[in-house]
Structure formats: structure tokens, C-alpha cells
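Student: Sequences and hints are given; from them, build the entire structure.
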Amino acid sequence: MTARPNAARFVLGVLPIVLVPAAFIAARSWLETALGDTMMTVVAGAVAIFVMGYANYFAFRFQRGQDEVRQAGLGFAAQWGVPAGQAAFVLLLLLPPFQDLATRLVGDFAGDDATGVDRSVVVSAMTLGFCAIVLLQTIGLAVVNSIWWMARR
Amino acid sequence: MKNRIRVLRAEKGWSQAELAEKVGVSRNSINAVENGKFDPSLPLAFRIVAAFGLKVEEVFLQED
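Just so you know, the sequences run in chain order R and V.
Position 3 (the first sequence) corresponds to 3 in this note's numbering; numbering is contiguous.
Position 23 (the second sequence) corresponds to 23 in this note's numbering; numbering is contiguous.
To be clear, the hints were calculated from the coordinates, so they are not data collected in a lab.
The structure presented is a predicted model; accordingly, all values stated were derived computationally and were not measured.
Note that beta-carbon positions come from the ideal geometry of N, C-alpha and C, so glycine has one too.
Check before you lean on any hint, since a few could be wrong.
What the hints assert, rightly or not - Here are a few chain V residues that face chain R, going by a calculated C-beta distance under 8 Å:
| id | residue |
| --- | --- |
| 1 | V33 |
| 2 | F38 |
| 3 | S41 |
| 4 | L42 |
To be verified - Distance windows between CB atoms, simulated:
| id | chain 1 | residue 1 | chain 2 | residue 2 | range |
| --- | --- | --- | --- | --- | --- |
| 5 | V | Q62 | R | G129 | 46 to 52 Å |
| 6 | R | Q63 | V | A10 | 30 to 36 Å |
| 7 | V | R47 | R | G53 | 54 to 60 Å |
| 8 | V | A17 | R | P16 | 31 to 37 Å |
| 9 | V | G13 | R | C131 | 55 to 61 Å |
| 10 | V | F46 | R | V43 | 33 to 39 Å |
| 11 | V | N35 | R | V144 | 32 to 38 Å |
| 12 | R | L105 | V | L61 | 27 to 33 Å |
| 13 | R | R9 | V | V56 | 33 to 39 Å |
| 14 | R | F62 | V | A17 | 20 to 26 Å |
| 15 | V | G24 | R | G129 | 42 to 48 Å |
| 16 | R | A84 | V | K12 | 38 to 44 Å |
| 17 | V | G13 | R | Q63 | 31 to 37 Å |
Tutor: If you want it as C-alpha cells, here you go:
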């Protein structure tokens, strides 16, 4: 019998994805003072890579423990959930309250330089970042698909 | 794909959970297969028919 999904273990597994960025944001001011700008950028990159890597690892481990019907369910969820999430982000990006919130967050994150944050710059940066992610994901899909077929020749 | 899992299970007096235990999947998965909502892979189909001691064609029926 395959292991039943355990809610407590699942929450425990997801926790680092929430806690690490939260801790980073909470300690941001102190880190900036202690480490300086360059090291702060390195730490921010390391946090982003950790969260992304751990999230993918956790998803892989979680899926591997499921039987084929549940895996099909997860596959269906990924097939439709990811585009739905992308569409939701695009729609959010069009809403002025979300644009204001994003600008305010970027301003808060920038600290002393918050006064000069331009909403259109923030929205443009987020749009470009989103497009870059979607483009790289598409390239990644094509590459991994090619590898999959090459391994089966 | 149609199947006779519900009937065979009733004959054996097994619950979905018991059959799930025997073939190594969740009860929800057996429910999905039994109701024709999910076509099992060959390995799972073989495990199911082995649990009943039958052949594949005696449990799973091709739909026309």
C-alpha cells in the first residue's frame, strides 16, 4: 500500500518554502548593514535558488510517493494549474491596486531609496521577469522533452 | 474502459480499501478505476487481476 498523504508531514515539508524567504525579508535590514550590498545580492540569489530548488525537490519527492492515479491527478493539476496561475498573475498585473502594492513592496525593500520608485518601472520589470520565466520554462520543456526521447531511442 | 471490479469485489466480500491494500494503491485510486474514471497502467491492471486470480480480459472489457 502506498503511503497516505499525511497533512502534518506535507505542511512540515512546505514550511521551508515559506520560512526561508520570510526570515530573509525579516533580516534584510540587518543583513544589508552586516554584509554590504554585494554580499546581500549573493545572499538574495542563494535564498531564491534554495527556495526554487527545494520546492522542485519537494514536488518530485511528493509525487514519487503517490500511486499512478494520484500521479495522474497531479499531472492534470500541473497541466492546468500552472497556466491558470500564470493567467492570474497577468490579470493581477493589470489591476492598479496590485500595481500599487507591488510598487510599495519594492519601495519598502529598497529602504531609503523608496521615494524614487516609479510604478511603471516596477510593472515593466515584473512583466519582463514574467516573460523571461515563461520563455525559459518553454525552452526547458523542449530540452527535457528531447532528452526524454533521446533516452528512448 | 469497462471493468467488473465492483462485481468481483462483491463476490469476494472485499471493500475498496481491502482491494487497494492488496494491489498497493489508495482506496480513492481503486474507486477511480472501478468507476471507469481512470484506465490503469498494465502493471496495475495485472496486479488487480492477480488479486482476483483471473485473466486481464476477465476483469477489464474493451469498449466498442
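Student: The structure should be examined with respect to each hint, and the outcome stated for every one.
Tutor: So, going through the hints one by one against the coordinates:
no.: 1; hint: V33; verdict: 7 Å, holds
no.: 2; hint: F38; verdict: 5 Å, holds
no.: 3; hint: S41; verdict: 6 Å, holds
no.: 4; hint: L42; verdict: 11 Å, violated
no.: 5; hint: Q62(V) <-> G129(R): 46 to 52 Å; verdict: 50 Å, holds
no.: 6; hint: Q63(R) <-> A10(V): 30 to 36 Å; verdict: 33 Å, holds
no.: 7; hint: R47(V) <-> G53(R): 54 to 60 Å; verdict: 35 Å, violated
no.: 8; hint: A17(V) <-> P16(R): 31 to 37 Å; verdict: 33 Å, holds
no.: 9; hint: G13(V) <-> C131(R): 55 to 61 Å; verdict: 59 Å, holds
no.: 10; hint: F46(V) <-> V43(R): 33 to 39 Å; verdict: 52 Å, violated
no.: 11; hint: N35(V) <-> V144(R): 32 to 38 Å; verdict: 34 Å, holds
no.: 12; hint: L105(R) <-> L61(V): 27 to 33 Å; verdict: 58 Å, violated
no.: 13; hint: R9(R) <-> V56(V): 33 to 39 Å; verdict: 36 Å, holds
no.: 14; hint: F62(R) <-> A17(V): 20 to 26 Å; verdict: 22 Å, holds
no.: 15; hint: G24(V) <-> G129(R): 42 to 48 Å; verdict: 43 Å, holds
no.: 16; hint: A84(R) <-> K12(V): 38 to 44 Å; verdict: 42 Å, holds
no.: 17; hint: G13(V) <-> Q63(R): 31 to 37 Å; verdict: 34 Å, holds
Hint compliance for this structure: hints 4, 7, 10 and 12 are broken, all remaining hints hold.
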